[in-house]
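*Asks:* Protein chains in written order, with numbering that gives the first Met the number 0: chain A, 0 to 341; chain B, 0 to 341; chain C, 0 to 341; chain D, 0 to 341.
Hints should not be assumed to be uniformly reliable.
Note that identical chains are pooled: a pair holds if it fits in a single copy or bridges any two copies.
[What the hints assert, rightly or not] Taking lysine-lysine and the BS3-like style, the derived pairs with C-alpha atoms no more than 30 Å apart in a straight line are: (1) K120 <-> K305; (2) K163 <-> K311; (3) K120 <-> K311; (4) K267 <-> K305; (5) K163 <-> K120.
I should point out that these hints are in silico values taken from the structure, not numbers from a laboratory.
Number of protein chains: 4
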Amino acid sequence: MARYSFLDDYSEGAHPSVLNALLATNLTQQSPYGDDEYSNQAKEYLREKTGVPTSSIHLVAGGTLANIISIGNCLRPHEAVIAAETGHIVVRETGAIEAIGHKLITVTPSEGKLTVEIIEKALDNNAHFPHMAKPRLVYISNATELGTTYSKTELSNISSFCKKRGLLLFLDGARLGAALASANNDLRLTDIAELTDIFWIGGTKVGTLLGEAIVISNQSLATDFSFHVKQRGALLAKGRVIGVQFSELFRSNLFFDLALHANQMAAKLSLGISEMGYKLAAPTETNQVFAILPNALIARLEKEFKFYIWEKVTSDQAVIRLVTSWATDQKQVEAFLDRVLR
Amino acid sequence: MARYSFLDDYSEGAHPSVLNALLATNLTQQSPYGDDEYSNQAKEYLREKTGVPTSSIHLVAGGTLANIISIGNCLRPHEAVIAAETGHIVVRETGAIEAIGHKLITVTPSEGKLTVEIIEKALDNNAHFPHMAKPRLVYISNATELGTTYSKTELSNISSFCKKRGLLLFLDGARLGAALASANNDLRLTDIAELTDIFWIGGTKVGTLLGEAIVISNQSLATDFSFHVKQRGALLAKGRVIGVQFSELFRSNLFFDLALHANQMAAKLSLGISEMGYKLAAPTETNQVFAILPNALIARLEKEFKFYIWEKVTSDQAVIRLVTSWATDQKQVEAFLDRVLR
Amino acid sequence: MARYSFLDDYSEGAHPSVLNALLATNLTQQSPYGDDEYSNQAKEYLREKTGVPTSSIHLVAGGTLANIISIGNCLRPHEAVIAAETGHIVVRETGAIEAIGHKLITVTPSEGKLTVEIIEKALDNNAHFPHMAKPRLVYISNATELGTTYSKTELSNISSFCKKRGLLLFLDGARLGAALASANNDLRLTDIAELTDIFWIGGTKVGTLLGEAIVISNQSLATDFSFHVKQRGALLAKGRVIGVQFSELFRSNLFFDLALHANQMAAKLSLGISEMGYKLAAPTETNQVFAILPNALIARLEKEFKFYIWEKVTSDQAVIRLVTSWATDQKQVEAFLDRVLR
Amino acid sequence: MARYSFLDDYSEGAHPSVLNALLATNLTQQSPYGDDEYSNQAKEYLREKTGVPTSSIHLVAGGTLANIISIGNCLRPHEAVIAAETGHIVVRETGAIEAIGHKLITVTPSEGKLTVEIIEKALDNNAHFPHMAKPRLVYISNATELGTTYSKTELSNISSFCKKRGLLLFLDGARLGAALASANNDLRLTDIAELTDIFWIGGTKVGTLLGEAIVISNQSLATDFSFHVKQRGALLAKGRVIGVQFSELFRSNLFFDLALHANQMAAKLSLGISEMGYKLAAPTETNQVFAILPNALIARLEKEFKFYIWEKVTSDQAVIRLVTSWATDQKQVEAFLDRVLR
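Here chain A stands alone, though its shape is the one from the complex:
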């Protein structure tokens, strides 16, 4: 029998409701290139839930495309991005942003997050003009690549600073669902829309087969955006494929419910492991658990479960990473804890 996987949050296909929506709408004839009724409906739901009735919204297939298109749309060739050195665009997208011509100014984050101080220092260190690229856009992720989240105060501070210094604020929301469903979170989708110039909401990790929604609340950035979507290869002939799925996610509370389930499964794992006396390498804010376990136990767990051994701690202990998702089976969580116990 296959071992149950806690490797990542994209091991399964789509949430059944999402797949059923694809099934139910499959044979209607629709306009191509995102002008179908489902995409339009999805955009209406998103405008409502983000609280910006005038925002431009574009649905694309994946996160790297969302980043390429958003950043490429916003910058002139000499303008640079400020990003954490752990940022997804910095270390997990094969130089995709540089490939469209822009410099990344990397900074050391604080628990995966940028702060006003960090950004200000980057500005100070990149001011020898015109010999240095001009910092123009701040890239942040929420949740971050480390699973941490921004508070409303933290995001507001960054937002005000950016406005004051002529910087655009762009938020990568590959795991925005997990962030908003975090027990620590005090941000709503309307705050995200208000405090950033442009951001995207990840669907791939919250129950769709694929798809992310780029939301442009700063109207001055919306002009000709669709040219960039097309030029970078992201304008699907059957735009309905993403439209149907996002429409299903945001018609009701499904997006938030699925993200909450993932976080709850992580919390359950985290609590169970702690209660058995094992330490965590980091607090469990979203859907990732970093636990420190003895090697012998790890070896035993690997016989029934898949997960990453994150790093060695001592000669007989290591950190393992467990990732949960909308699809995580509570019985498997219990089985895992049961195996830890015995």
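For this one, chain A is given, so just place chains B, C and D on it according to the hints.
*Replies:* Here is chains B, C and D on its own, set in the frame of chain A:
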């Protein structure tokens, strides 16, 4: 009631078998980024059907991505593409190839097709080195943007010439299904693989929700290809989404059957219209019909059907374009012909 | 003894006055990167002579750099350039503009020149948005690559049309000197500045060792221009090198005098050849002469002079091209005519 | 009277011999685009002095162009550069390398220099393929941006490691003259050519008006290099301008003599300041002196000399930077020391 659409071949979702395959496999846990069992299975089917057991195959979401990645992978910055001035990369992809740095040398095709003579003339006119970009890759489409197809002799001639002159041959197969299912066709998938260096097979227009398969038969072009897939934003976390669909298309003869249905519906429309005494603006080789009809008739047809008025012929006649697909309902074809008659 | 060359207008170094200015200023200590007193002085002269006291001016080493920087500064990634298919950026710069990401929409010119009709047709043919790149900048050269020149009426018409349709007008002035010194010319430097958004004045072909002056009269395009100069490698540490030379060219009437000499030498050749009964393949507007001569005569001339055989006319006649410059020796012109005669 | 400047090593024009060579050759007629007799002669001298008779050599106007062209020629789009975070391409070229599509992987150097350990760690940290760009080229400068130099052992170690790991080694020689003339130096030009794949020799800072010579000793990198020179705007019509100057520099020992003079003037300043009891902030290896002086003295010196105040040390002391060059007047060095004394 909605008018039935003959506007394009991507108005519906996926063929039911394809969608059912997504449903049936939905909750299995799979490795991400195209290393799932369905993608691997699809690649095996494709290697078999293209007759190149060693070929590298990559599944991506759309045609523009397939073109960007394939061309970007093959060329150095100073190398240029020879393409018909009607080519998709020339006039329908928002400068996507130029956006990754390459010049398109455009030539006037013969019925949408390139010939050895045309390519040779392009070489002659672009030889003032190093002041001119170096022609290095020939881009062709089959079926072409005009719905015409290459014969085996035509493709073989181009292929030999390219080998002789150090040019790479790349075939855009957005409508390769329609071409191979054409009554005129004498090319098999194995010929395409043998005669080109790299080509792609379109799924979007033959029954998938999305997806195209890039096949690299020239092994020297396969090195590090996956970096390009990732860098251009085309490496889906849930690669299974395309893998499942292509696996279903090529497990059996489905791909060819669907393409044949589309062509047959077009042939039926074409024949019916001709038999009623109307002329065609072009022979019907694949799934597009160009018919010359009186304006009054066109106005009447538009009340029940959607199609493009392609161009004015005289003050009271115009060419209309009818596109059929795997999903075209034979009853609607008959209803259309019935309305032409009355 | 070396054969005298009529091959091009950059066979010699700099005009002696220009070289002497380099000598005279050589050992003063100056600020780097174009902020030296000579560059500033040159810019003052140019602002005066172009009649735009507020224009931004940048001195760069060569024409391709001037084109890359100017176009790259003006366009967003999805915006395209309309250019004659004979344009220098189209056929003599190795795809330099595509290499920075922009599509060239090429059109067939009329005697090397664009017209309102030609530009309007390009707009009509490139309007299927967002599937087509957006035409945004019109590129023209004066003199053109064929040696022809724009009249004031012609340039005014294009300028008005561009303003009306939201297009930027960019003029490549590699041979602007020759154009302004043409007997046909009714444009002044102030007209060029007024009618275009951005243009450059070539020094390389009018007596400098190297160097072209980019003049931005449309202030909205001047922001951050120097970043582009630096990013594309054109910000010389010793900016004085070009500053001194342009200062010398524009301190007095030298630029215009040198261009006039080149044209006069061409006129003399042209007239002499005509008077001996030979035909011209094109009227001599600037510093290029296209003469139709018998092959036997051509062979005789080649023993003492260098020039290009441009194209075959009949089995015993061909067009030759003679180019003159500020450095052309009148005695050699006379010797050439003498050899034609005998 | 103007204050004497120790601000940088490009305040003056060209060394008189270099300028005289331009004068002496000015009116000969030459082939354009670097195929003149002076450029060919310069390349011969350089092939001799670098000990690689088959190397390809290209003369370009400036350092950023040399870096853009060299790196762009060597890499495919997904390949990245490893560079010190203080590297010129990282912090002083406005994102020029990213602008042509390549990621810079930045590392913390040791005294401005890379080591095998540093490079190896960068490889380890950038191995998550294909999600990370592929490290392919190592960029170093000699002298470094901090004025330090590589020993033969240091460079040999890096070179061997690069060969072993499939990395190309590229050396930016903007101040290669200063490095080779350093008292610490044990590298010869032939070593540089042997140990790197491609490097360039700076002329701008050693007595030319402008110009750098790119030397490609690894023949596999030389194919089509001139296309890149042209495409990036660096192919001067009058290539002779740089050819004459490099020919003059390398005909005799002039290049090395000029570099030595600059270093000697720095040594004299350094020694004089030390002997008066002031400390240096860094040892003086090449032509830069970093001295720690009291603020009152600095204020007094600034009345007669120009230099940069590099950083504050205490409330009444600061580091100043003095840069010398081939043009530095020994009398001014003595006057400076005299003013320090009194």
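*Asks:* If a hint holds in the structure, say so; if it does not, say that too.
*Replies:* Hints versus structure:
{"no.": "1", "hint": "K120 <-> K305", "result": "between (41 Å within a copy, 28 Å between copies)"}
{"no.": "2", "hint": "K163 <-> K311", "result": "between (44 Å within a copy, 29 Å between copies)"}
{"no.": "3", "hint": "K120 <-> K311", "result": "between (33 Å within a copy, 18 Å between copies)"}
{"no.": "4", "hint": "K267 <-> K305", "result": "within (18 Å within a copy, 55 Å between copies)"}
{"no.": "5", "hint": "K163 <-> K120", "result": "within (15 Å within a copy, 39 Å between copies)"}
The structure agrees with every numbered hint stated previously.
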